[in-house]
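Now for the letters of each chain:
Protein chains: 2
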Amino acid sequence: MILPSGFRSSGVKAGIKKSGNPDVALIHSDVPCAWALSTTQNLAAAASVHRARSLYSSGAMLQAIVVNAGNANCVTGEQGVRTDRRMAELAAHELNLEALSVLTASTGVIGVQLPIEKLEVGIPLAAAALGEDVKAAATAIMTTDLTMKVAEVILSSGARVVGFCKGSGMIHPNMATMLAFVVTDAVLEQTALRSTFAGIVARTFNAITVDGDTSTNDMAVVMASGRVACDALEGLEAIEAVMRDLAKQIARDGEGATKLLTVNVRGAPSEADALKAARTVAGSSLLKSAVYGNDPNWGRILAALGRSDVTFEPTQASVSVQGIAVFDGQPLEFDKDAASSAMRCEDVVIDVDLGAGSASGTAWGCDLTENYVKINAEYTT
Amino acid sequence: MILPSGFRSSGVKAGIKKSGNPDVALIHSDVPCAWALSTTQNLAAAASVHRARSLYSSGAMLQAIVVNAGNANCVTGEQGVRTDRRMAELAAHELNLEALSVLTASTGVIGVQLPIEKLEVGIPLAAAALGEDVKAAATAIMTTDLTMKVAEVILSSGARVVGFCKGSGMIHPNMATMLAFVVTDAVLEQTALRSTFAGIVARTFNAITVDGDTSTNDMAVVMASGRVACDALEGLEAIEAVMRDLAKQIARDGEGATKLLTVNVRGAPSEADALKAARTVAGSSLLKSAVYGNDPNWGRILAALGRSDVTFEPTQASVSVQGIAVFDGQPLEFDKDAASSAMRCEDVVIDVDLGAGSASGTAWGCDLTENYVKINAEYTT
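Quick mapping for you: the protein sequence lines, in order, are chains A and B.
In this text, residue positions in the first sequence follow my numbering: the first is 2, and each later residue adds one.
In this text, residue positions in the second sequence follow my numbering: the first is 2, and each later residue adds one.
In case anyone wonders, no lab produced these hints; they're calculated from the structure.
It is possible that some hints are incorrect.
Just so you know, same-sequence chains aren't split out, so a pair can sit in one copy or run between any two.
With a straight-line cut-off of 30 Å between C-alpha atoms, the simulated DSSO-like cross-links for lysine-lysine are [what the hints assert, rightly or not]:
no., residue 1, residue 2
1, Lys277, Lys136
2, Lys19, Lys337
3, Lys136, Lys337
4, Lys337, Lys14
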């Protein structure tokens, strides 16, 4: 997939990942970009997350992002902060930019110092390798991912939105880290971008769950270079579409997962409530296990809704699984074998009406399998 | 284990469990008791939970409890409410009591009507079988439990506190329900009992986690018959000791679990914060998988603390695993092989100092194993 005009990216091997796979990615725009940022709510946030927030509040434009995989550079103290700053300086030097226009991002094992000497070799290589295709960068940021995750929307004006991300795979199991980068050549005002970004993140990346463990390094960034005119609303909708596509790719590639679980909630008091209820269902270990086993055990859906901290009255609620109505204020008679058969596929959809309002929202998750445990039972030793 | 003086209990087969195992339990005191109650926060609460709250607020004394396992009688509509009331009436009739002095409790599959005709046979059998031993009742309330869970403390005055509970086993996987019943012949005022019970529950049953899924039927009850004098403080401490013992038994017998995980948090701003931080660590799927694999992957502990919604500064925190210091504001050098070896046992202890206050708290959990998934992947079909 080719990046929007004016953007280039690369992915190279710096020797940070034990596997020897590419682990340093670089993204560069030929002009300074409007940008918006969303970072983890985890208090033990990584050095790169602290730096990103500081850059964001400075109001500076963004022109490049340098990313490493295989090491989260998180809870690594003052040394980690220095390494992160050096990482930005190395990229800035290669690209002839101010360090303040270069964002850093890291993903991988927590609590191990990031080897700066490997970045000193890798970042110049990445700068030399910059090209129009997104594939090398999208591959280099992968950790436990089984699949590369990219998405694209083309606007009517010809402007384009391209995004890529990583999250929730299989090789380095202690890093359910999510990183997402979306770039567009469309003209989008910084103010509009930033004021709408939190809502877009709420409906996309914050609406997925794999195992309930919030990463210390989560980061989603959008950069708009303003080379191609576009309708502002269309541009923002395109960004949301790209991010929704990427979010679903992360959920489907959840560690050990065999299925994408979609939970649609309507009849909620507010959109935030709908999203909270949907995500609670999508994150229930009991329900995720049932989805894996093709078990239409809808009692677990009601139990998850009931603990979701959303106000509703169970006797007013209804639930269906794969389009089959199973609960409508009270248990419904349904063909369990037929429902189980309907669940034997890669996409399982649960629809809930809370009967408590008019707002709706969707969350995505995956099934819980024995492989999730295997993947995560032994990593650092 | 023999019940305190004046209490009798029984457990019989009514044919509610598919396994054919005992599934109706009865507890009876020869005098009305002071009592305290704690029930699930789940909005989709079972019929028995709604009735228990109503009895509790009526101020009536309690003299008997009738329990069924194998069916939660939850989200079963008006019919379920009628069945639950009938269950109390059947027991009251057999014991020559008012129905308002009989508590009901149910545990098992959610969303299936509880067959009242089986209770009409089982409850008279249970009344006829009442005896001084707690074993039959403690066995009859089990669902997925592998072990019977009972605990006892004898006070200096000779008064006794005996408790039993169920939770988190292996046979009927969609019912991570917790029920706990504690009875004592000690003299304890209703007011003192009720005013301290919430705190005791917070430090015991609410400090355990198996899979993060809050049951619709959780219920903990203490009954004090007042036959034997005791020091009030000693009596309340004995109740807490019995409940802590039972809570740890539930965590150790978590579905698929091979280990008991104890998380001690100190240096917290408040006890509630300490308990929240400890329970978040004990409930992290990533950490639970690492504990299963004997992996001293402490980054996952910091990541869980960081999302626990407790305010602290990671650079002021310290962590040890099995007594081995692994983090003190920054990563510490430690022997990973030795730490992994130390984790190869049935009891894994994590100590955290948040460096953010002087309060402390402990939570208990278990490891996450492939068996958890297997147990929960297929039940209702």
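Taking the hints in turn, this is what the structure says about them:
1. For the identical chains of this complex, lysine 277 and lysine 136 are neighbours neither inside a copy (34 Å) nor across copies (42 Å), given an alpha-carbon limit of 30 Å.
2. Within a single copy, lysine 19 and lysine 337 get their C-alpha atoms only as close as 47 Å, which misses the 30 Å cut-off; across copies the closest is 17 Å, which meets it.
3. In this homomeric assembly, lysine 136 and lysine 337 never come within 30 Å of each other (Cα to Cα): the closest approach is 44 Å inside a single copy and 36 Å across copies.
4. For a Cα distance limit of 30 Å, the shortest separation of lysine 337 from lysine 14 across copies, 27 Å, qualifies, whereas the shortest one inside one copy, 51 Å, does not.
When held up to the earlier numbered hints, the structure conflicts with 1 and 3 and fits the remainder.
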